[in-house]
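Enquirer: Spelled out from the first residue to the last, the chains are:
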Amino acid sequence: MIMNIVQALNSALDVMLANNSEVLVFGEDVGYFGGVFRVTDKLQKKYGHHRCFDTPISEGGIIATGIGMAAEGLRPVMEIQFADYILPAYDQLVSEAARLRYRSNGDFQAPITVRAPYGGGIFGGQTHSQSPEAIFAHVTGLKTVIPSNPYDAKGLLIASIECDDPIIFLEPKRLYNGPFEGYHDRPLKPWAGETDSNVPEGYYSIPLGKAKVKRAGSEATVLAYGTMVHVALAGILESGVDAELIDLRSIVPLDVDTIEESVKKTGRCLIVHEASKFSGFGAELSALVTERCFYYLSAPTIRLAGWDVPYPHAFEWDYFPSPKRVAKSLKKLLEN
Amino acid sequence: MLYFTAIRYKMPESDSDKGKHQRFFIPEPNARPGDTPDFSQLPISPVGSVARPQTSASPETLRDLPFKLIRTLNEDGIPEGEWQPEITIAVVRKIYEYMRLTRIFDTKMFRVQRQGKTSFFLASRGEEALGVVPSIALRANDMCFPTYRQVGWLLARGYPLVKLINQIFNNSDDPLKGKQLPVLYSARDFGFYSLSGNVGTRFGHAVGWAMAKAYRNSDDIAIGFIGDGTTAEGSFHEALTFASVYKAPVILGITNNQWAISTFTGLATNKDTTFASKALSYGIPGLRVDGNDALAVYSVLEWAADRARHGHGATLIEFFTYRSGAHSTSDDPERYRPKEEALLWPLGDPIERLRQHLLTSKAWSEEKDGQLHKMLDKQITESLKEAERIGVLGESKPDVREMFEGVFKEQDWRAVEQLKELGL
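Those sequence lines, one after another, are chains U and Z. Just add 444 to the spot in the first sequence (first one is 1) and you have our numbering. Just add 14 to the spot in the second sequence (first one is 1) and you have our numbering.
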């Protein structure tokens with residue numbers, strides 16, 4: 445069935461609510477209203493308000509409550525309305541969810557899934573556009589999953605709900621209703637017609653920590669996730685460089701084998717993310733590539749990222765990495 | 015049984031899991047689209063019935079106040095009772111004028127967003143008194159830490175309309191240089207603290223600002239606002255703790271407009287109490303006032319300001335009102351509440367009620383009212399045209415170099431290199 449990302453996520457929640465009575469879905473405006481992006485649309489009607497419900501505006505409270513439920517044995521799937529709003533819950537995620545199993549030596553665990561729309565491209569300004577993945581990736585004990593298309597969104601969300609570790613599930617909101625290559629002046633594209641928009645209606649899961657080679661190539665390796673997978677692909681085509689594109693799909697766990705194999709083959713690596721560059725997740729990727737592939741590299745690894753500024757409303761398209769910048773970076777990578 | 019939340023609970027009939035989780039309580043409003051709203055159980059104190067204590071009264075003598083509703087304007091628009099403010103007709107007219115201006119501004123700008131001239135807008139329909147009245151009741155040196163539904167504060171202090179619209183368009187003359195989402199203004203010179211899209215996080219800043227004023231031995235005060243929904247955030251309780259512990263000269267306001275996007279007040283607090291009563295556990299006074307009665311709003315602000323200026327510490331005020339429009343340009347309220355609920359709100363419309371009051375005073379007439387509307391409408395239409403001449407969102411923007419300004423006081427090598435990468 446053809447689905448966009450919103451429908452695919454809704455379908456994943458639907459399947460899990462039907463299969464497992466311990467799965468609960470909650471967050472701000474997710475119950476009656478069905479979520480501000482409609483991801484939980486009709487779930488309360490179908491499963492009742494004990495299974496899918498609204499919460500107070502309290503991100504710390506939502507996550508703390510979810511951890512308590514999960515410690516008891518339930519499987520809470522919580523929505524934080526925008527990833528930008530997750531920070532009041534950071535203490536709960538870092539000091540509690542990520543540490544509970546370790547510090548209690550397995551006595552308790554926190555199998556929570558925290559869904560949050562992230563990323564730019566929608567003129568959301570500073571507080572509806574950020575990409576905070578690096579601040580989660582840095583915390584041992586948290587897993588961070590970022591799909592880039594409807595098929596992966598559903599399979600990865602199901603795997604996340606079934607996983608016994610706490611998961612931050614970041615949804616590229618610019619991709620919810622259609623793929624976006626970064627050409628903001630071109631007409632919107634729907635998911636229909638894209639290879640990854642054919643989504644099975646029933647249960648399936650995609651293992652966490654398995655990257656996908658989105659495009660095979662020989663001259664360079666491009667690492668990306670979320671919206672940037674589409675931007676990177678467009679940039680590769682613009683550049684004419686025969687680059688291999690890897691969609692990481694989750695940054696923790698990280699499929700380091702696929703990365704290593706590709707970079708050893710191509711000898712060059714470009715990393716693309718929306719989040720600002722300094723101490724972004726690209727820094728970790730670049731370090732891993734250097735540590736593992738140093739003697740295979742023909743050029744220094746390049747990180748293409750958001751500028752080191754807060755997300756600026758009026759300068760959305762100056763900030764947002766474009767296919768043109770991807771193409772330019774690839775050409776630079778091939779100069780050596 | 016009295017319920018202090020406007021909307022009582024009911025069990026959804028379509029609940030397919032009825033019985034299986036009966037011990038697990040989930041609150042639901044008693045009216046959703048298709049239902050008839052019922053406000054009959056809402057306890058509304060009779061006009062003029064609440065006694066006005068001395069501003070120096072000790073908090074333990076004020077413990078019944080959070081469960082009453084301070085009102086001054088009766089059905090005929092005539093003020094009654096001890097909470098009638100000492101206010102000249104000129105000031106009342108000023109309040110009225112800016113409330114009208116706020117509504118026209120909001121209505122026009124909402125349409126402008128729908129025309130694609132900006133990315134986002136958010137109106138204060140039904141809550142105009144809560145922006146305008148504090149702006150006029152407090153002094154020029156007092157600082158407001160607003161919610162994003164209080165543009166009336168800026169309008170009443172004469173903030174230039176064109177400048178306001180330039181911010182909404184993020185054009186080359188935007189005073190915030192394109193860095194912030196439309197309507198998230200900042201205007202220090204007008205006593206208006208920087209807004210942000212996240213909520214509750216500035217409530218504590220109001221307390222800190224007030225403590226700084228106390229430290230300087232000034233009698234300037236601060237006023238902070240938070241929405242009913244946001245009282246669930248930790249930042250609300252942290253601010254109250256500090257305000258209470260340090261007897262900060264601050265007024266802490268809750269704008270209870272009954273709806274937090276799609277969720278009702280029963281999701282922010284329990285129906286057996288009021289938001290104002292949260293003050294009790296912090297040992298400070300809690301007032302509850304009809305937020306659609308501009309004179310009552312003025313009066314409680316004067317009371318709390320006097321208290322703060324004279325060293326008696328913080329007051330928590332719940333402004334009981336109704337958000338009669340959408341949360342923002344991003345939602346449709348008919349999807350989560352009955353269409354006619356706003357019209358049935360038992361405390362009426364704040365502008366209409368003040369208009370009625372003015373018309374009883376002989377200083378005002380239908381004719382003057384009509385002229386005022388025309389004048390305000392023209393003012394906004396002209397300002398809008400001027401801002402559109404500079405450019406709507408996307409047509410005109412500040413210099414791209416602005417993107418790097420203000421991250422640090424002085425740019426480091428990253429900005430220098432990244433500007434070069436941009437070819438600047």
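The hints are simulated quantities; they were obtained by calculation from the structure and are not laboratory data. Errors might be hidden in some of the hints.
Within a straight-line C-alpha distance of at most 30 Å, the following computed DSS-like cross-link-like pairs (lysine-lysine) qualify [to be verified]:
1) K768(U) to K434(Z)
2) K399(Z) to K285(Z)
3) K423(Z) to K721(U)
4) K353(Z) to K82(Z)
5) K399(Z) to K489(U)
6) K772(U) to K82(Z)
7) K633(U) to K709(U)
8) K486(U) to K353(Z)
9) K122(Z) to K285(Z)
10) K486(U) to K633(U)
11) K261(Z) to K490(U)
12) K486(U) to K34(Z)
13) K489(U) to K122(Z)
14) K434(Z) to K489(U)
15) K776(U) to K382(Z)
16) K490(U) to K382(Z)
17) K261(Z) to K486(U)
18) K434(Z) to K775(U)
19) K108(Z) to K382(Z)
20) K392(Z) to K122(Z)
21) K353(Z) to K490(U)
22) K434(Z) to K721(U)
Enquirer: Are the hints correct? Go through all of them and say.
Expert: Consistency of the hints with the structure:
About 16 Å separates the Cα atoms of K768(U) and K434(Z), which keeps this hinted pair within 30 Å; it holds. For the suggested pair K399(Z) and K285(Z), the alpha carbons sit about 47 Å apart, so the restraint of at most 30 Å is broken. Between K423(Z) and K721(U) the alpha-carbon distance is near 20 Å, which keeps this suggested pair within the 30 Å criterion. Only pairs whose Cα atoms come within 30 Å are accepted, and K353(Z) paired with K82(Z) is accepted, the gap being roughly 28 Å.
Proximity of K399(Z) to K489(U) is assessed by CA-CA distance (about 47 Å); at most 30 Å being required, the pair is judged violated. Distance check on the hinted pair: K772(U) and K82(Z) sit about 67 Å apart at the alpha-carbon level, beyond 30 Å; violated. Taking the CA atoms of K633(U) and K709(U), the gap is near 34 Å; set against the 30 Å cutoff, the hint is violated. Of the supplied pair hints, the one linking K486(U) and K353(Z) holds, its CA atoms being roughly 20 Å apart against a limit of 30 Å.
Using a Cα cut-off of 30 Å, the hinted pair K122(Z) and K285(Z) is violated, with the two alpha carbons roughly 36 Å apart. Note on K486(U) and K633(U): the hinted pairing holds, with a Cα-Cα distance of about 25 Å set against a maximum of 30 Å. With a CA separation close to 50 Å, the supplied pair K261(Z) and K490(U) exceeds the 30 Å bound. For the hint linking K486(U) to K34(Z), the alpha-carbon distance of about 20 Å falls within 30 Å, and the restraint holds.
Annotation: proposed proximity of K489(U) to K122(Z) is violated, straight-line Cα distance about 37 Å (limit 30 Å). Of the pairs offered as hints, the one joining K434(Z) and K489(U) is violated, with about 54 Å between alpha carbons and a cut-off of 30 Å exceeded. Restraint check: the Cα-Cα separation between K776(U) and K382(Z) comes to about 70 Å, which exceeds 30 Å; the hinted pair is violated. For the hint pairing K490(U) with K382(Z), the CA-to-CA distance comes to about 56 Å; that exceeds 30 Å, so the pair is violated.
About 48 Å separates the Cα atoms of K261(Z) and K486(U), which puts this hinted pair outside 30 Å; it is violated. Distance hint between K434(Z) and K775(U) is fulfilled; the C-alpha atoms sit about 18 Å from each other, no more than 30 Å. A C-alpha spacing of about 13 Å is found between K108(Z) and K382(Z), which places the hinted pair at or below 30 Å, so the restraint holds. Restraint check for K392(Z) and K122(Z): the C-alpha separation of about 11 Å stays at or below 30 Å, so the hint holds.
Annotation: proposed proximity of K353(Z) to K490(U) holds, straight-line Cα distance about 24 Å (limit 30 Å). About 15 Å separates the Cα atoms of K434(Z) and K721(U), which keeps this hinted pair within 30 Å; it holds.
In summary, the numbered hints that this structure violates are 2, 5, 6, 7, 9, 11, 13, 14, 15, 16 and 17.
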